[in-house]
Amino acid sequence: MDNTAAINTTKVKKKSSPLSHFFGRAILYLILLVGAVIFIFPFFWMISNSLMSLGETITRQLLPKVPQWINYKEAWEQANFSKYFVNSVLVTLGTLAGLLLTSILAGYAFGRIDFKGKNFLFGIFLATMMIPESVTLIPNYLLIRGTIIPLPGGTWINTYWALTVPFMANAFSIFLLRQFFAQIPKELWDAARIDGCDHMRFLIQVVMPISKAPIMTVLLFGFTASWNAFQWPLLVTTRDTWRPLMVGLYGFVQEAGPYTHWLMAGAVITIIPILVVYFLTQKQFTQGIATTGLKG
Amino acid sequence: MDASNVSINTKSSGAFKRQAFKDQITGILFTLPALLIILIFGIFPIGYSIYMSLFNWQVTKGAFIGDKNYLLIFGSWWNLLVLVTGIALFILGFYVWNRAFQSMKNGHRLAHIIGALVLILGGVIFVTGWGMMYETGNKDFLNSLIVTVYYALGTVPAEIVLGLVLAYILYQDIIGKEVFRIIYFLPYITPSISTAVVFQIIFSSRETSLANRLIGLFGADPLKWRFEPKPVLNLLGLDVSGLAGGPSLALLTIILYGIWSFVGYNTVIFLSGLGNIPKEIYEAAEIDGGSKWDRFWHITVPMISPVTFYLTLIGFIGTFKAFNHIYVMRTTSAQNTVVTTSLLVFDRFYKANQYGVATAQAIVLFAIILGLTLAQNKIMGERVFYG
Chain Y
9 MDNTAAINTT KVKKKSSPLS HFFGRAILYL ILLVGAVIFI FPFFWMISNS LMSLGETITR
69 QLLPKVPQWI NYKEAWEQAN FSKYFVNSVL VTLGTLAGLL LTSILAGYAF GRIDFKGKNF
129 LFGIFLATMM IPESVTLIPN YLLIRGTIIP LPGGTWINTY WALTVPFMAN AFSIFLLRQF
189 FAQIPKELWD AARIDGCDHM RFLIQVVMPI SKAPIMTVLL FGFTASWNAF QWPLLVTTRD
249 TWRPLMVGLY GFVQEAGPYT HWLMAGAVIT IIPILVVYFL TQKQFTQGIA TTGLKG
Chain X
26 MDASNVSINT KSSGAFKRQA FKDQITGILF TLPALLIILI FGIFPIGYSI YMSLFNWQVT
86 KGAFIGDKNY LLIFGSWWNL LVLVTGIALF ILGFYVWNRA FQSMKNGHRL AHIIGALVLI
146 LGGVIFVTGW GMMYETGNKD FLNSLIVTVY YALGTVPAEI VLGLVLAYIL YQDIIGKEVF
206 RIIYFLPYIT PSISTAVVFQ IIFSSRETSL ANRLIGLFGA DPLKWRFEPK PVLNLLGLDV
266 SGLAGGPSLA LLTIILYGIW SFVGYNTVIF LSGLGNIPKE IYEAAEIDGG SKWDRFWHIT
326 VPMISPVTFY LTLIGFIGTF KAFNHIYVMR TTSAQNTVVT TSLLVFDRFY KANQYGVATA
386 QAIVLFAIIL GLTLAQNKIM GERVFYG
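Sequence lines, in order, name chains Y and X.
For what it's worth, my numbering labels the leading residue of the first sequence as 9, then goes sequentially.
For what it's worth, my numbering labels the leading residue of the second sequence as 26, then goes sequentially.
A hint or two may mislead.
What the hints assert, rightly or not - Pairs of lysine-lysine, PhoX-like flavour, derived with a Cα cap of 20 Å:
| hint | chain 1 | residue 1 | chain 2 | residue 2 |
| --- | --- | --- | --- | --- |
| 1 | X | LYS317 | Y | LYS124 |
| 2 | X | LYS255 | X | LYS164 |
| 3 | X | LYS202 | Y | LYS291 |
| 4 | X | LYS42 | Y | LYS126 |
| 5 | Y | LYS194 | X | LYS255 |
| 6 | Y | LYS220 | Y | LYS291 |
| 7 | X | LYS304 | X | LYS317 |
| 8 | X | LYS47 | Y | LYS124 |
| 9 | Y | LYS126 | X | LYS47 |
| 10 | X | LYS42 | Y | LYS194 |
| 11 | X | LYS304 | X | LYS202 |
It should be emphasised that the hints constitute simulated quantities derived from the structure, not laboratory data.
Produce the complete structure using the sequences and hints provided.
Here's what the structure looks like:
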């Protein structure tokens, strides 16, 4: 009796283990799926509402009966999006060009060149990451308005420069690139130097080609920061001349309040460029995060 | 042997010096563009903010008024002194509780008793100071601090826990891992103005709004969500009111948005952190017969603690900076229950044109962030396990 019981339990144990393993896996996937649904749902709701008729947005079906693609055209025209869209693209491109230049150079200097005052400077750069925008916002506004020091052209309010120049360098990008550049083996530089290579040529011909992932990361973060910027552009654009998409969308939200279908169409339009860039770069981007460290 | 060595050394040291000089010049030239921009738009404004805060500055510079703008916030310096003393005692109590008298026999018990007393004393003095300040200082500002703290406590811990759980699951051999990661990161990368507008609609006060229909499934009456200044606890039937009663329902919807938009960032960072934990440790634990749960709790959590620390810090600083989505999701009927300090400063400046007052408030906010960062460094830094 005792014997059989013992055999039975061992059998049960052996049997139950793959089964409980299966259930364990199932629970894991369930949690992941629930998470995914929650993360995706607002996007689904945005798109579905953007294709509804006004009546449908009030009764709140899950999906429109007939997709109203015309909502996009109407929202685009009503919200003056063609102007804002072009503005946003130009502002983002300009900011990125500047950001890449400053952060690659500075990242290289901090990561690979020994010079006096380096640690001090790097410390100052890092410290700026903690500074809340609330503190810098007001003086920067006065600076851009030309109140503190005279600017070429009198004031930079409503100009391209106001939207781009202040964002052409940030500590985060420099830090990210520095971490990566510092890991490049010293032997590469020694070999290059013997061949008569200076820092600039080494940076362009050797370092940059092998640093695509972190550079992409900087680009993607820079792109989203510039494209999504709101507070500063709200402050320094009083006319449509250079007003970017996010400020335009906010204005549209104020005006088009109850017209949910237009609002959602507008929101989808502002998100599309981000999605395109994200899906194109996401692989290199996650690699960038993984390799640049923040390591344990 | 010696001679040749020396000659090589001098030769290369000449080249070395030239290279060092070149390096010095190149290093400075390379950092210069970034330095200029960061100096002008990142560092100079702090000094100028302090300068502005000493003036009666409304659009244009007025008379020098010294500490008046700060007195408007604190009521009096004495109030601030009491408050800071309370905090200092609190920290001292914490220190005594943890460390002091460790070398003594029974030192622990003694330290705990003294530490607890000092902690309580510090707490009492802090509350007194806060009360005095609330009496004579700027209520709007102090309220905004409470709102900010609610927002921070409502978002950061939840983001950390959810981020770690999702990352830990994704780190197992999961089919479609990449897809999940892409999805989780989406809310972080998309413009907050655009996604906050969707949350506006989901949490609108209409009876047919999605949030109301969802709670309707559980038989609950429709709520006003973004428009509801009453504390959540009050709505649950507890008799509390005002800001002391916890976050309002309006703030809760903003907290939900905050969590939704930020968990993915934590997940991605945690995931890369998990990759850095040596596999051997897990294998050793498996041989020792630890359960999966044990392994998570005794290996993953301590090994990942530097990442947790980093994310907590970034998270807290982020909540004190948060602006865009709160600005979009706030409603006038939610009153001051959703106005965090960064919004308050912006309103003072942008709507009320009181530049001097706004900069003084911003400086105080900055000081709080600095203090928090240092405290977190000290407290959590000691508990963090650096492998």
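Status of each hint after checking the structure:
1. Taking the CA atoms of LYS317 (chain X) and LYS124 (chain Y), the gap is near 50 Å; set against the 20 Å cutoff, the hint is violated.
2. With a C-alpha separation of about 18 Å, the suggested pairing of LYS255 (chain X) with LYS164 (chain X) holds against the 20 Å cut-off.
3. A threshold of 20 Å between alpha carbons decides the hint, and for LYS202 (chain X) with LYS291 (chain Y) the separation of about 12 Å falls inside it, so the pair holds.
4. Simply put, LYS42 (chain X) and LYS126 (chain Y) have alpha-carbon atoms about 18 Å apart, close enough for the 20 Å limit, and the pair holds.
5. Between LYS194 (chain Y) and LYS255 (chain X), the direct Cα distance comes to roughly 62 Å. Violation of the 20 Å bound is thereby established for this hinted pair.
6. A hinted pair counts as satisfied when its Cα atoms are at most 20 Å apart, and LYS220 (chain Y) with LYS291 (chain Y) qualifies at roughly 11 Å.
7. Restraint check for LYS304 (chain X) and LYS317 (chain X): satisfied, since their Cα atoms lie roughly 14 Å apart, inside the 20 Å limit.
8. The hinted pair formed by LYS47 (chain X) and LYS124 (chain Y) meets the criterion: a straight-line CA distance of about 12 Å does not exceed 20 Å.
9. Only pairs whose Cα atoms come within 20 Å are accepted, and LYS126 (chain Y) paired with LYS47 (chain X) is accepted, the gap being roughly 14 Å.
10. Restraint check: the Cα-Cα separation between LYS42 (chain X) and LYS194 (chain Y) comes to about 18 Å, which is no more than 20 Å; the hinted pair holds.
11. A distance of roughly 19 Å separates the Cα atoms of LYS304 (chain X) and LYS202 (chain X); the hinted pair therefore holds under the 20 Å criterion.
The structure shown violates the earlier hints numbered 1, 5.
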